[in-house]
Amino acid sequence: MNNRFLLPDLVRFILDTTEDLDKKEVETFVRAYFTVIEKALFEEDFVKINNLGKFSLQKVEARKSINVNTGEAFEIKAHYKLTFVPDVKLREIANKPFEHLEAIELENEQEPIKKETINLNKPTTKEDNIMEKKEKTVFVVTDKPAANEKKTAPETQKAKKGKLVAWIVFVVVMCALIVFALWKTVFTGPEIEPTITEEVVESAPVAPVVEEVTPPAPKVVDPADWETLKVVPLQKGKRLTLLALEYYGNKVFWVYIYEANRSHIKNPNKILAGTKIRIPKPDPAVINAKDPELVRIAKEKETKYRAQFSK
Amino acid sequence: MTNKEFIRAVQLESKLDKQKTALLVEALNASIGKVLSEGDSLNIWGFGSFELKKRGERLSVNPSTGKRFMIPPKLVPVFRPGTNLKNKIKQIDSDEQ
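Protein sequence lines, in the order shown, are assigned to chains Z and L. Residue numbering for the first sequence follows the working numbering, beginning at 259 and increasing consecutively. Residue numbering for the second sequence follows the working numbering, beginning at 30 and increasing consecutively.
If you are wondering where the hints come from, they were derived from the structure by calculation, not from laboratory data. Just so we're clear, the structure is a prediction, and the values are computed from it rather than from any experiment. No false leads were slipped in.
Chain L side only, calculated, beta carbon under 7 Å to chain Z, not exhaustive:
id, residue
1, V39
2, G62
3, L65
4, P101
A few chain Z residues that face chain L, going by a derived Cβ cut-off under 7 Å, partial list only:
id, residue
5, T275
6, A290
7, F292
8, K306
9, L340
10, A361
11, E363
Mimicking DSS-like on lysine-lysine, the simulated pairs with C-alpha atoms at most 30 Å apart in a straight line are:
id, chain 1, residue 1, chain 2, residue 2
12, L, K82, Z, K354
13, L, K49, Z, K297
14, Z, K306, L, K33
15, Z, K306, L, K119
16, Z, K282, Z, K312
17, Z, K339, L, K103
18, Z, K317, Z, K306
19, L, K117, Z, K306
20, Z, K306, L, K49
21, Z, K312, L, K44
22, Z, K282, L, K63
23, Z, K282, Z, K297
24, Z, K306, L, K63
25, Z, K494, Z, K509
26, L, K63, Z, K354
27, L, K82, Z, K306
28, L, K117, Z, K322
29, L, K44, Z, K281
30, L, K115, Z, K282
31, L, K119, Z, K421
32, L, K119, Z, K312
33, L, K115, Z, K297
34, L, K115, Z, K335
35, Z, K322, L, K119
36, Z, K354, L, K96
For glycine and all other residues, C-beta sits at the position ideal for the given N, C-alpha and C.
Bound-form chain Z, shown alone:
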């Protein structure tokens, strides 16, 4: 048990099996045997040897992975792996010590009860056997991705260095921006604050954030800046379109309600009942149910949002 035999041992075993064999001949044969397998692996799809098994190369598609240590995403390149599917005969020989064991049907949730094999449902056990055979036939030897990385490392090192520099620059710029912003708020804060308090309380803290998020529109319209007409909790079954119809006279203008509340509505199709909706005071230059041009602009926005959230 647990001996590790090498090629000379294999030669010895072969010599034991058959008489009248020349040791040198067997040695050259054994070497030829394995070199042929190796060569054929690269030239053909598979190598099948009766009573032993089938060797074949299988392609592993490229896939994305994440470096566990740094969290950086990288791609594992497409590569090949060697699979060996042992022949049924070899499997039977290998499993000799456990040959006598058979699948046991369990009666209860807990207690495994040994049953006579005659009582077993024959077709089902067969099925089971096939299933387990299928499972055990594929033994895949994968190339370690770590080793793969090693190989590609020298090529990508330069690129990595460039990336690193770019990152550092980016981080420094970001830090500078943050410091600048903080400094600005600290120094100019007292001046701005009163103007904010004059405005409607609810919208004020939200506004700057939303401004950044708004995608470029033909006319810069940000309802988040508008004065509040009313704040209503959304009732069950109600939608933004109904609110728009109620307050603005046209369903299409729901987009502006959404834009005003974008900070706490992720998806306008799925708003939790009871969410407080701020209805901005309509700006007649933007919201007017009687102006077909304004309705058209709103419709454009609507189609844009529909496409964005219907995914």
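On the provided structure of chain Z, position chain L as indicated by the hints.
Only chain L this time, still in chain Z's reference frame:
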């Protein structure tokens, strides 16, 4: 490559006659089987090793009848490619096919 083609290729490589090659291939396969059946492993330098692996017992449920079976443990032959072979496989250009 089928078994027949394989024996032919080995014959050409080793320059033995056809009958002897077929006989030796059988003997070699049987030897590998014998090594594994005794719980040993066979290591061919540069190529790989044939080993035995134990698969533990497990529960299996027949989905159609709901019957539960205890699948016994089993020993399974496994081939692990050696470093040499592994490196060669790794160097195959994955775009060529």
